[in-house]
Amino acid sequence: MLPHLDAAYNLARWLTRDDHDARDVVQEAALRAFRFLDGLRGEPRPWLLALVRNSCMTWLKANRPAELGGIDGLPAELLPVEETTPETLALRAVDRRMLNEALAALPTFFREALILRELEDLSYKDIARITDTPIGTVMSRLARARRLLGESLRAIQKASAPQVHG
Amino acid sequence: MTNEEASAMMHAYVDGELEPSKCVELEAHLAANPAARAACERLRGMAAAIREEADYHLAPASLAAGVLGAVPDAPARTMKAPIWRLLPGTGVAMAAAAFLTWTIATGYLKPGESERITQDVLGSHVRATLGQHLIDVASSDQHTVKPWLSARLSYSPPVIDLSAQGFELLGARLDYVGGQPAAVLVYQRRRHVIDAYVRPARNPAAALALTRDGFNIQSFAHDGMEFWLISDLNRNELDDLVRLLEQHPS
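Taken in order, these protein sequences are the chains called A and B.
If you read the first sequence in our numbering, its first letter stands for residue 6, the second for the next number, and so on.
If you read the second sequence in our numbering, its first letter stands for residue 8, the second for the next number, and so on.
The following block holds chain A by itself, in its conformation from the complex (with noise of 0.2 Å):
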């Protein structure tokens, strides 16, 4: 197995969402690494997994560029969680599948920070690095990310839910 390929295929495929997609990526991404090899500074699985973001955004940027929209109207401060909204309710109930849609459904960007976050276990500061944005927009985009998540979770919970007639 090679380092950090699971990493990076995986990034890529929650990104791109489609498995061929996400092998040209890494594919483009791994060459690329070698011919940058001069300029790896500090962890490799960040600065290789920053490789295959950029990677993947050239790709979506030329192939789907409308899933790179709608990020400018955000607001960048950080979003209060809402203490009496039950939106992050009965997560556990949730089963697999519904999740996976819900995440796969995000925004980009907020996609990316919940997987590198989550799945990959990235600290703020390689996340930042890794996404090309400062530390307080990573923050910004995690509590926005969690939150809408939790908003469509709680939406397909409720068109799941068997309708009562009475």
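Careful: at least some of the hints might be erroneous.
[Stated by the list, open to error] List time: in silico EDC-like cross-link candidates among lysine to aspartate or glutamate, alpha-carbon distance up to 16 Å:
1) A:Lys163 to A:Glu106
2) A:Lys130 to B:Glu26
3) A:Lys130 to B:Glu24
4) B:Lys153 to B:Asp168
5) A:Lys66 to A:Asp26
6) A:Lys66 to A:Asp29
7) A:Lys163 to A:Asp100
8) B:Lys29 to B:Glu11
9) A:Lys130 to B:Asp22
Hints were generated in silico from the structure; no laboratory data involved.
Since the structure of chain A is already known, use the hints to place chain B on it.
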């Protein structure tokens, strides 16, 4: 602290990124506010749900082959790297050059950069996880693992089952670290394998925490034994394991 201030800090807190002084403040706020505590628990629940339920897409085998096929030949300078010692014999010679390039590219090993034991632990862990020879005795039962190790070593390492705390004991193996045999307890948390190297503490060094080539390494001495933990698990959870091991008498 106001509720707004607490909310703003909560994500960083749950992510283990809040500075210690703020943690103390926030924890005091949480202790006094059930609603804030519940919000915090919901955030933790969501993080755990994603970690446990979201698909982790493993690279298909054909992708590895494709990447290896596409990379240029290894530059001559890499031939000197001790990574050669990691390659198990002749069977893999074909892919060796390309593998080597990739390995150097992703910085798996940086020769001469660290002291012997860190290198040994890192090398052993990588070898074990690459070669899939993780375990000599596969058992989650500490009463099976401990006698197996004791019979093969001149000491009896502590074997602690921590599956109730989320660290599943997969088994153990023997390895050679820092010029002496060592017991390696193999734990798993989610998809992360954690190797814990245990040997008698001779000159107890200060506890050490470092990150090397993407792996977190942590060492500490406890009850006359020296522990070296290595994993790609995040630092916070590796700390949890250190604390759990320290709580148990040898």
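Hints that the structure is at odds with (numbers, increasing): none
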